[in-house]
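K.L.:
In the order they appear, the protein sequences are chains S and G. Using full-length UniProt numbering, read the first sequence as starting at 1 and increasing by one per residue. Using full-length UniProt numbering, read the second sequence as starting at 1 and increasing by one per residue.
You may find that some hints are simply not true.
Below, in silico cross-link-like pairs of lysine-lysine (DSSO-like), each with a Cα-Cα straight-line distance of 30 Å or less [as the list claims (entries may be wrong)]: (1) G:Lys130 with S:Lys389; (2) S:Lys389 with G:Lys67; (3) S:Lys389 with G:Lys75; (4) S:Lys414 with G:Lys60; (5) S:Lys409 with S:Lys392; (6) S:Lys391 with G:Lys60; (7) G:Lys4 with S:Lys393; (8) S:Lys393 with G:Lys13; (9) S:Lys392 with G:Lys4; (10) S:Lys391 with G:Lys85; (11) G:Lys54 with G:Lys4.
Please keep in mind that the hints were generated in silico from the structure rather than gathered at the bench.
As a plain string of letters, each chain reads:
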Amino acid sequence: MIWNEKIECASRDEMAAVQSERLKQTVQRIYHNIPSYRAKMQEIGMLPDDVRSVEDLKKLPFTNKTDLRDNYPFGMFTVPMSEIVRVHASSGTTGKPTVVGYTRNDLNMWAEVVTRSLCMAGVTRNDIVQVAYGYGLFTGGLGLHYGTENLGATVIPISGGNTKKQIQLMQDFGSSVIACTPSYALFLAEVMAEMGIAPEALKLRVGIFGAEPWSESMRKEIEAKLKLRAIDIYGLSEVIGPGVSCECEHQSGMHVNEDHFIPEILDPETLQPVAPGEVGELVFSTITKEGIPILRYRTRDLTRLIYDKCECGRTLVRMEKCKGRSDDMLIIRGVNVFPSQIESVLLEMSETEPHYLLIVEREGTLDVLKLMVEVQEQFFSDEIRELEKLKKKITHNIQSTLGISVDVKLVEPKTIERTAGKAKRVIDNRKI
Amino acid sequence: MIIKQVSVFLENKSGRLNEVTKILADAEINLSAFTIADTSDFGILRMIVSDPDKACTVLKENEFSVKTTDVVLAKTPNKPGSLSKLLDILQQEEVFIEYMYAFSMQDEGAVTVIRPTRVERCVEMLQKHKTELIRADELYQF
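Generate the whole structure from the sequences, applying the supplied hints.
P.N.:
This is the structure in structure tokens:
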């Protein structure tokens, strides 16, 4: 079923007309409400009236994650707090989270795009949807929750973790849809096997997986182990949350809800549009959001766009699975981790520049973060007890700042390879 | 009476200890005693050497993390009960030990390396009880 056929199957011209009108309003709203973005426009001599259609989008300045951080917490909101009915937040680069606010209309729009996504995935009101994304500041849980309710399907708001209980409810309630991160889906399959529960004994038929990168081979593995159709959903809190785009049953790219979010693909170096169909950095402009509308937000995700009509009948542009990042951000168990965050934790513990190396591995089905820290003189103590204490302190400080557990290993000075004066900070051994 | 012990951070991988000993050999530094404190992934090599300052310099030049720590070297007769007597004194005088290690030779007596929490008090108390302590100038004359 296509939830909103009129817009999801609109012609390119119809879509461009909708986008142009909405973009013009958004530019006005931002220009008159966000001083920092107005300054950026003034710097290049641009006025809101210079944006006459979606074609003018490429003239507008960019928004970066740092803009959100510099305006922490509510500086990018374009409505008074009395209009904001909810906030979400994601981890930031220096410990400060990135905060986003939603008006009542924003929440309705979000529910609409998630409902469309669920329909793309083949979910109907007869399904029982187990939402195993975390509920809370993270957008995953509540985003899927309200989209499911809006569709009229049954939602089981179990949130993340508690794996045995997840499986028990799947059995007892007959969940037909599971929404979680793809790595957690594999973990569920593993625990099910340990418990001696065959996937055929469950009613699962669709999985809505997102919040972290995953490959086609991982999709095959999940589909084989859980006996369901694994659908990729994409989103980021800065744009709205899950539901920015989602695959349909043909699993050939994620349809972008482009009447709300306009995608562009740019060369991350020159920031100019790439040739149609080429891979580049994905940039989003929201054109209906009220709480925190955002123009040309650099997602740092690398992908390409497909404008051909899909077999499902939708004309919404499709984006391929993300192929990587144009910055050094890692996504570990759904948590965004920047090496600079680890660095600042280590810096706080010593006077001089720490040398470290992050190694990400996938052990079984879960991502494991290992941190090698060189024991420079400032860290070295003659006593084992002190060194063990240091190890514990690093682990604890990272856990409390980033909310992620890390396996710390102390190594000798100069064991971490330095390339052209700059140390290599990250080795990602995950095959995803 | 206070001796500088040289401590080196070592990872648990083969060949690392030998690298340290080679560097010291090239610098013509003699080792009187050493011990390794180990955990699952790293260890600390503690050594009594003929020239601690030079040892530190050459090891640092080779990118090792090095530190000197004050220790006390107590010399006792090489016969049963000597260590027990030494420990009695320390216990009685409330000198607490972080760690210790020892070596002995047939006729030369036994030497115990002690890393007490309070080095000065350890020296004072052992001297009060007429325990023979090895002086830096004796040790470093090689």
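K.L.:
Where does the structure disagree with the numbered hints, that is, which hint numbers, in rising order?
P.N.:
1, 3, 10
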